[in-house]
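K.L.:
Chain by chain, the residues:
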Amino acid sequence: MGKVTIPIGPQHPALKEPESFAVTLDGEKIVSMVANLGYNHRGVEKACEGRTYTQALYLIERICGICSHTHSTCFIQAVEEIAALEVPKRGLYIRTIVAELERMHSHLLWLGVAGHEIGFDTLLMYSWRDREAVMDLLALLTGNRVHYGMNVLGGSKRDISPEQAKQILKVMDVLEERTKYYIQVATEEVTLIKRLAKVGTLSHDDAVKLGAVGPTARASNVDRDTRRDDPYAAYAEVPFKVITDGHNDVYGRTLVRVGELMESYKMVRHLVKNLPEGPIAVKAPRKVGPGEAVSRYEAPRGEDVHYVKANGTEKPERVKVRAPTLANVQAVAKMLENGYLADIPIVIAAIDPCFSCTDRTTFAVKNPDGKAAGFIDWKSLREYSIKWHKNNGVDFSKMRIKIK
Amino acid sequence: MNEQEILQKLSSKFPFLEGKGRVARARRIFCDVPNASFREVIDFTIKELGFSILTTMTGVDDGETLGFIYHFASNNGMMLNLKISAPKDNPVIKTVTDLFPSAEMYEREVEDLLGAKVEGLKPGRRYPLHETWPEGQHPLRKDWTYVKPAVSGK
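Protein sequence lines, in the order shown, are assigned to chains B and S.
Residue 26 is where the first sequence starts when you use the numbering used here, and the numbers rise one by one after that.
Residue 1353 is where the second sequence starts when you use the numbering used here, and the numbers rise one by one after that.
Read the hints as simulated data drawn from the structure, not as lab findings.
Note that the structure is a prediction, hence the values are computed from the model and not measured.
In this text, a Cβ means the ideal position worked out from N, Cα and C, and glycines have one as well.
Keep in mind that a hint or two might mislead.
Said to hold, decoys possible - Not close to chain S: a few residues of chain B, all C-beta gaps over 10 Å, as computed: (1) K28; (2) L62; (3) L194; (4) H229; (5) L235; (6) P310; (7) L351.
As the list claims (entries may be wrong) - Covered by chain S, according to a simulated footprint, are these stretches of chain B (three or more residues, beta-carbon under 8 Å): (8) 136-146; (9) 202-216.
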């Protein structure tokens, strides 16, 4: 039988984020796959060059909703290194507490999404209900459920009061009980194990060669975790285990993430109980540099790398962001080799893709004939899109959406 | 091996690197490498110094030249950031995708956003810009500016 190439994405019910995969199939088996990314490109790196460090901080935080604190902290660490600012211990501890809370909400979200992709909607409902405990806690500490705005150049913006600290410890106890239940489900529920085992296999050597990071790599026994290898914030003072697993498949990635949840609860308890007294931030200058710095952070999805170059003015010269999903997406093609079409949603979901983090680009440019670049406003862009789709056989102009 | 020892090993193996490197802080080494000797240097740093991970590659617009910083890492958390440059009117660099398949995305990014030319990079869809983005427009270059539209509408 001949081979068929089908497009999956950019809009697809199985995918949570826009990405396009051209999958070549021989019957039900996947022969090869090409990934086309860039749908979430918003021009963040260029936009940072025209903003002050504080404005850039807020922009960088909004690269992604789930890893907002990741990008914010990774960026501000690089700037603090260039400005030679020493963040007080209490500020670092608060940053680390929010970081681990973010890891918790991200992994619980992932657990739900993975459950949904394999048809286990009960797991989705349960884990997202439990995730609300973390979201409420983050709202209590930072004022927001996502985009916490907890960082300032020089430390933390808000302090943690003794009442809030008590609440954190209470929530950790509740979540630990719930996560023990999910571990029981993951290790004892035969249907779940059979669905996830041997799916999306990635050998140790392939994981290393293709540059996989985070739980995706750790599930292939790659013992790398930026929190331990290149400690930042308060991680050098927190004892924790790096969870690795040798299954090399989606089941392994599930075990790694629930294992990391358990470790996070212990870490947050340690951080809260040992929270040092003192100021939470130092005063920072408006002008930074000249200098350059590379900052690394273990996001829930893997290693996030930020490079910042400062030139002595109030605005950065260059900001580069390498989000973990970009490193993992090339491993996906390898994972799906000889896999089944039906496994695509769960395998892609297993790397916990966050294409908002990956792409980050800008305004549309008119004039494909290469003449002076102009800017399309939203109305014209929508008209362009309708026209383009009409030329490709789909007519959206009959849709009437009233936006009040 | 600590940071200073790594720099010493680099300059003793490649005398042209003498004085071109610096230790920014613990676990961060920066070094400028001539474009022509880049491959030689990284063959050494990968095999002998243990920097076998390429975390990312950053393209910068330095005015007259385009710079490319390769951020290498080792298993113990150390980072070696090597920078090569190419003249802006002929920004050609060689691919490293034979050593690091993950470099494909980073090389496509500098080709698209900065207008660099990566020799040896296999043909493929551009990243991250859309296929209808016009030729010759490289947003990350310093002279590429944009003016926000004043009024939304025609």
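K.L.:
Hint by hint, say whether it matches the structure.
P.N.:
Hint check results:
1. K28: Per Cβ check, K28(B) is outside 10 Å of chain S; nearest 19 Å; holds.
2. L62: L62(B) not clear of chain S: closest Cβ-Cβ about 6 Å, inside 10 Å.
3. L194: holds (31 Å)
4. H229: holds (13 Å)
5. L235: Given that some Cβ of chain S is not farther than 10 Å from that of L235(B), nearest at about 6 Å, it is violated.
6. P310: holds (19 Å)
7. L351: Incorrect as stated: the minimum Cβ-Cβ distance to chain S is 6 Å, not above 10 Å.
8. 136-146: violated (count 0)
9. 202-216: violated (count 0)
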